[in-house]
Amino acid sequence: MEESVKKGTVTSLASLFPVEEAQKAAKRVEEAIADKHSELDCVRGFIADNNNLVNLVHKLPEELSHDIMVPFGKAAFFPGRLIHTNEFLVLLGEGYYAERTSKQTVDILQRRGKSLDSQVDSLEANIKDLEAEASFFNATASQVAEGLVEIREDYVEKDFNEGESESGQLQQDAPKLGNAAPNDGEYARMLAIMDELEKEELAAQSGDHSDENDDSTGDFDEMSYQGHINNNLQNLKDFRQSALLDQTNNKIKTAELPEKQYGKDVADQLNFASLGVQSTVRESEKLLGSIYPSEKIPVSSKEKPAQSTMTSKTEVEHETAKPSFDSRKAFTGSIIEHAENIERSSREHISASSQGSGSQSSKPVSRFKMQRR
Amino acid sequence: MDSSRQDKVRKFEEFVDKRLKPDLIHAINQRDKVFEQQKVFADLRRNIESLEKNSVTSLRTLVNLGSEVYLQAEVPDTQRIFVDVGFGFHVEFTWSEALNYIEKREEKITRQIQEYTQLIASIKAQIKLVCEGIRELLQLPAEKSVPERIF
Numbered sequence: 001m002e003e004s005v006k007k008g009t010v011t012s013l014a015s016l017f018p019v020e021e022a023q024k025a026a027k028r029v030e031e032a033i034a035d036k037h038s039e040l041d042c043v044r045g046f047i048a049d050n051n052n053l054v055n056l057v058h059k060l061p062e063e064l065s066h067d068i069m070v071p072f073g074k075a076a077f078f079p080g081r082l083i084h085t086n087e088f089l090v091l092l093g094e095g096y097y098a099e100r101t102s103k104q105t106v107d108i109l110q111r112r113g114k115s116l117d118s119q120v121d122s123l124e125a126n127i128k129d130l131e132a133e134a135s136f137f138n139a140t141a142s143q144v145a146e147g148l149v150e151i152r153e154d155y156v157e158k159d160f161n162e163g164e165s166e167s168g169q170l171q172q173d174a175p176k177l178g179n180a181a182p183n184d185g186e187y188a189r190m191l192a193i194m195d196e197l198e199k200e201e202l203a204a205q206s207g208d209h210s211d212e213n214d215d216s217t218g219d220f221d222e223m224s225y226q227g228h229i230n231n232n233l234q235n236l237k238d239f240r241q242s243a244l245l246d247q248t249n250n251k252i253k254t255a256e257l258p259e260k261q262y263g264k265d266v267a268d269q270l271n272f273a274s275l276g277v278q279s280t281v282r283e284s285e286k287l288l289g290s291i292y293p294s295e296k297i298p299v300s301s302k303e304k305p306a307q308s309t310m311t312s313k314t315e316v317e318h319e320t321a322k323p324s325f326d327s328r329k330a331f332t333g334s335i336i337e338h339a340e341n342i343e344r345s346s347r348e349h350i351s352a353s354s355q356g357s358g359s360q361s362s363k364p365v366s367r368f369k370m371q372r373r
Numbered sequence: 001m002d003s004s005r006q007d008k009v010r011k012f013e014e015f016v017d018k019r020l021k022p023d024l025i026h027a028i029n030q031r032d033k034v035f036e037q038q039k040v041f042a043d044l045r046r047n048i049e050s051l052e053k054n055s056v057t058s059l060r061t062l063v064n065l066g067s068e069v070y071l072q073a074e075v076p077d078t079q080r081i082f083v084d085v086g087f088g089f090h091v092e093f094t095w096s097e098a099l100n101y102i103e104k105r106e107e108k109i110t111r112q113i114q115e116y117t118q119l120i121a122s123i124k125a126q127i128k129l130v131c132e133g134i135r136e137l138l139q140l141p142a143e144k145s146v147p148e149r150i151f
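The listed protein sequences derive, respectively, from chains S and X.
Going by full-length UniProt numbering, the first sequence opens with residue 1, and the numbers climb by one from there.
Going by full-length UniProt numbering, the second sequence opens with residue 1, and the numbers climb by one from there.
Just chain S, same shape as in the assembly (with noise of 0.2 Å):
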């Protein structure tokens, strides 16, 4: 309940919209569905004129004349007869009069009809609009009288990530010790952007499956990004498994972590690489790439005053963090085959910030930037 008055606001409905507004609105919306109807009805009534003028102007060059009363004035007739029974003589608009046959003036008429049969349809057409409109006012004229009340909660992700780093820390009570205390802060961090990935990638693949132009677009970024990070980087243009090779190798030789899970990892991307799935190894190194250069300074700083001895530590904390990961899953609903991708760069990461920590300034960044290439 608390939450609630914290987060989100309650307000009823009736005081945005009281009951006689909403009903006053229905009224008009219905008035103004009255004039449509005798609109439509007036349209209606033209069609009928129309057709019956068309089969009058078909039937009269059948004869030569017609006796009829010449109308003279409004008040009087002559008798008299109509002559010339295949001359009409047609109003184009403006004034204009064109001397036509029976079969042109039986066209012209035919176009009035269509322009007036569309007449109709669009007002059709309003008039379902206006009949929608006016079963909403009344729906809400009837939820007013019901007393609905709406309930809006802001969505605030902070507080969601604050919550997943809670229920980390629980879990890493066991084998958390006394100097693993400044890694929290960095863990939560890590998740958040975990998150963020996570969401980009399912809104890339969600967006269009084409995940090819979103990784490029995303190699131009981080491209010239570290262009000016790392200016004495001329091989860009290397390949891609060349690279890798290189990474793992130096990775292997800095750093100090369990070497037959990170043989596991090279086999991996190895494999990926030589089977030709490129999409699929391109996308673990974006993740690593764009967890990068937001945490490279961080982590540098933060973990330079910890020992050598903590990466192992940290490694086994992110081991028993690993299900809050799949839990986040599974409430995302993300897709599954990228659970690999998604655990082997984090495991990446952690190893990079043991790189950090351990000698190199700058060098093992670029390591990474150039296998993003």
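In short, the hints are calculated from the structure, not lab data.
Please note that a few of the clues may not be correct.
The calculated lysine-lysine pairs, modelled on PhoX-like cross-linking and capped at a C-alpha distance of 20 Å, are [unchecked claim]:
(1) X:LYS104 with S:LYS74
(2) S:LYS114 with S:LYS103
(3) X:LYS108 with X:LYS39
(4) X:LYS11 with X:LYS124
(5) X:LYS108 with S:LYS74
(6) X:LYS33 with S:LYS74
(7) S:LYS128 with S:LYS27
(8) X:LYS18 with X:LYS108
(9) S:LYS36 with S:LYS128
(10) X:LYS33 with X:LYS21
(11) S:LYS74 with X:LYS39
(12) S:LYS27 with S:LYS59
Chain X: place on chain S using the hints.
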């Protein structure tokens, strides 16, 4: 006392709004119709007079079939004319007879117009009267509005 006065005021207002004003509108519409008839007969008289003056015996004209589609028509003999005398009856007249009839008809129409004008005036007077009655009931000062109208 006060409530009964309020009641009376409301009744008067209802009388003005629901009786006198619709009556006025109706009378004005009727008079407009009569004006139209007057115009029709004035036109007819002028046309017949011009026929007489030009001594036209046969006539060619265009007949409106509707939707502004015209067809030529011929009148072989213009001596006999059928004039609408009301209720859907048309009487066969010669020109002089027709002019005679039209003259009488026009007289009647002018009388009708006068009657309607008087009716309209009386309805307007009644409205004014009732409004004054309402004002007196509410004891609003009449002197204030009168000088305004004079100026």
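Now the hints, each set against the structure:
no.: 1; hint: X:LYS104 with S:LYS74; in the structure: holds (18 Å)
no.: 2; hint: S:LYS114 with S:LYS103; in the structure: holds (17 Å)
no.: 3; hint: X:LYS108 with X:LYS39; in the structure: holds (13 Å)
no.: 4; hint: X:LYS11 with X:LYS124; in the structure: holds (18 Å)
no.: 5; hint: X:LYS108 with S:LYS74; in the structure: holds (18 Å)
no.: 6; hint: X:LYS33 with S:LYS74; in the structure: holds (14 Å)
no.: 7; hint: S:LYS128 with S:LYS27; in the structure: holds (16 Å)
no.: 8; hint: X:LYS18 with X:LYS108; in the structure: violated (31 Å)
no.: 9; hint: S:LYS36 with S:LYS128; in the structure: holds (10 Å)
no.: 10; hint: X:LYS33 with X:LYS21; in the structure: holds (19 Å)
no.: 11; hint: S:LYS74 with X:LYS39; in the structure: holds (10 Å)
no.: 12; hint: S:LYS27 with S:LYS59; in the structure: violated (48 Å)
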